[in-house]
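**Student:** Here's the letter readout for the chains.
Number of protein chains: 2
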Amino acid sequence: MREHGQGGRVLARGSFLEVRRDDVRLPDGASATREYVVHPGAVMIVPLLDDGRLVLERQFRYPVARVLLEFPAGKIDAGEATLACAQRELLEETGYRAREWACAGVLHNAPAYSTEGIEIWFARGLSAGDRRLDDGEFIELCLLTEGELERRAAAGELSDMKTLMGLMWLQKWRAGLWPLQWVGADRASTG
Amino acid sequence: MREHGQGGRVLARGSFLEVRRDDVRLPDGASATREYVVHPGAVMIVPLLDDGRLVLERQFRYPVARVLLEFPAGKIDAGEATLACAQRELLEETGYRAREWACAGVLHNAPAYSTEGIEIWFARGLSAGDRRLDDGEFIELCLLTEGELERRAAAGELSDMKTLMGLMWLQKWRAGLWPLQWVGADRASTG
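Protein chains in written order, with our numbering: chain U, 2 to 192; chain D, 2 to 192.
What the hints contain is simulated information worked out from the structure, not anything from laboratory work. A portion of the hints provided could be inaccurate.
Going by beta-carbon spacing under 8 Å, a handful of chain D positions derived as facing chain U [as the list claims (entries may be wrong)]:
#1 Gly-8
#2 Gly-15
#3 Gly-80
#4 Val-107
#5 Val-184
A short list of chain U residues far from chain D (calculated; beta carbon distances all over 10 Å) [to be verified]:
#6 Gly-6
#7 Val-25
#8 Leu-49
#9 Asp-51
#10 Leu-55
#11 Leu-69
#12 Gly-80
#13 Glu-90
#14 Gly-96
#15 Glu-101
#16 Glu-117
#17 Gly-118
#18 Arg-132
#19 Cys-143
#20 Val-184
Listed next, with one range per pair, are the computed distances between beta-carbon atoms [said to hold, decoys possible]:
#21 U:Ala-66 to D:Ala-66: 30 to 36 Å
#22 D:Glu-149 to U:Lys-76: 43 to 49 Å
#23 U:Arg-125 to D:Arg-100: 42 to 48 Å
Remember, it's a predicted structure, so these values are computed and weren't measured experimentally. C-beta: ideal position from N, C-alpha, C; glycine also.
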């Protein structure tokens with residue numbers, strides 16, 4: 002069932018996106034080409050405030066031409082540990098630091114044409130600080146209760162798949178079905 | 002918060018992927034570029050057998066270099082209605098036809114760099130037939146109960162985000178929380 006790469010080339014290298022085209026050998030011996038985005042991987046954080054609210058963001062997403070409500074997320078820098086990335090993105094985009102972290106898992110969001118995996122982290126014991134947005138980032142913070150987010154999801158107002166997934170995962174954890182392993186932020190950032 | 006496109010160009014046009022780079026005007030008047038995959042949109046089908054099992058597929062996904070367990074899905078053809086696409090993909094990839102269909106919603110799976118939206122359809126009243134795989138498609142059918150799929154999800158063995166999302170949506174519907182509007186396949190294919 003496996004496809005074996007037989008070499009390939011960069012189809013496009015933009016400032017943000019790299020696209021490759023590889024020749025592959027199919028399981029029956031035939032040849033085919035596969036085109037895909039080379040992505041460094043990303044993290045998403047589900048930040049849980051002590052008062053029960055969740056930290057979300059509203060952000061215009063040019064490719065889909067609309068403002069989406071999303072959990073904080075960002076691309077992994079070269080050589081960066083995923084938790085270090087999660088801590089950095091949470092701080093930069095929201096200003097929050099977290100005392101405890103738990104890795105839920107990695108999900109593939111576009112496996113037909115992107116190498117991206119999104120590692121989902123939960124964060125609790127939050128303390129607010131100043132955020133440090135990159136130039137050209139326009140992100141509005143949005144603190145919502147879990148009930149309010151569920152209401153929006155049920156109403157079809159939550160179209161970002163990773164965010165809807167984060168809410169579902171949170172509900173599974175609250176229900177005791179999908180346990181999380183929490184670690185301290187200090188231990189975490191060295192691991 | 003909106004970003005306004007100021008023209009752009011095709012960065013790469015492969016056999017499968019088209020990538021664009023647009024110049025945009027940011028909310029503060031500054032300029033930036035946005036690179037993204039132009040995608041026709043996709044559908045995913047959650048096929049419910051009368052005996053309680055679900056129809057899934059195992060397929061090697063070259064970009065992530067592994068076999069993933071997924072609900073049937075595929076790209077929308079030019080001018081194709083989304084339900085017609087769902088019916089076609091289900092038939093081609095699994096051989097099943099469905100008596101009733103329900104559209105759950107559209108989710109954005111990579112809004113930072115792809116225009117893709119995945120429309121999620123539920124299908125029931127299934128009858129088996131012959132499938133019609135495209136050349137170069139190697140897809141293994143996998144009939145699983147909802148409990149078995151949930152067990153795999155809880156064990157972290159289900160890394161395809163849309164499929165995990167489909168399972169969660171199914172559970173919400175079964176729990177009476179997220180209702181579905183079912184329509185007959187005949188009415189559906191004309192609408």
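**Student:** It remains to establish, for every hint, whether it holds in the given structure.
**Tutor:** Hint-by-hint comparison with the structure:
no. : hint                               : in the structure
1   : Gly-8                              : 13 Å, violated
2   : Gly-15                             : 4 Å, holds
3   : Gly-80                             : 21 Å, violated
4   : Val-107                            : 6 Å, holds
5   : Val-184                            : 17 Å, violated
6   : Gly-6                              : 7 Å, violated
7   : Val-25                             : 6 Å, violated
8   : Leu-49                             : 19 Å, holds
9   : Asp-51                             : 26 Å, holds
10  : Leu-55                             : 17 Å, holds
11  : Leu-69                             : 6 Å, violated
12  : Gly-80                             : 21 Å, holds
13  : Glu-90                             : 13 Å, holds
14  : Gly-96                             : 19 Å, holds
15  : Glu-101                            : 20 Å, holds
16  : Glu-117                            : 7 Å, violated
17  : Gly-118                            : 7 Å, violated
18  : Arg-132                            : 16 Å, holds
19  : Cys-143                            : 12 Å, holds
20  : Val-184                            : 17 Å, holds
21  : U:Ala-66 to D:Ala-66: 30 to 36 Å   : 32 Å, holds
22  : D:Glu-149 to U:Lys-76: 43 to 49 Å  : 34 Å, violated
23  : U:Arg-125 to D:Arg-100: 42 to 48 Å : 46 Å, holds
Checked against the numbered hints listed earlier, the structure breaks hints 1, 3, 5, 6, 7, 11, 16, 17, 22; every other hint is satisfied.
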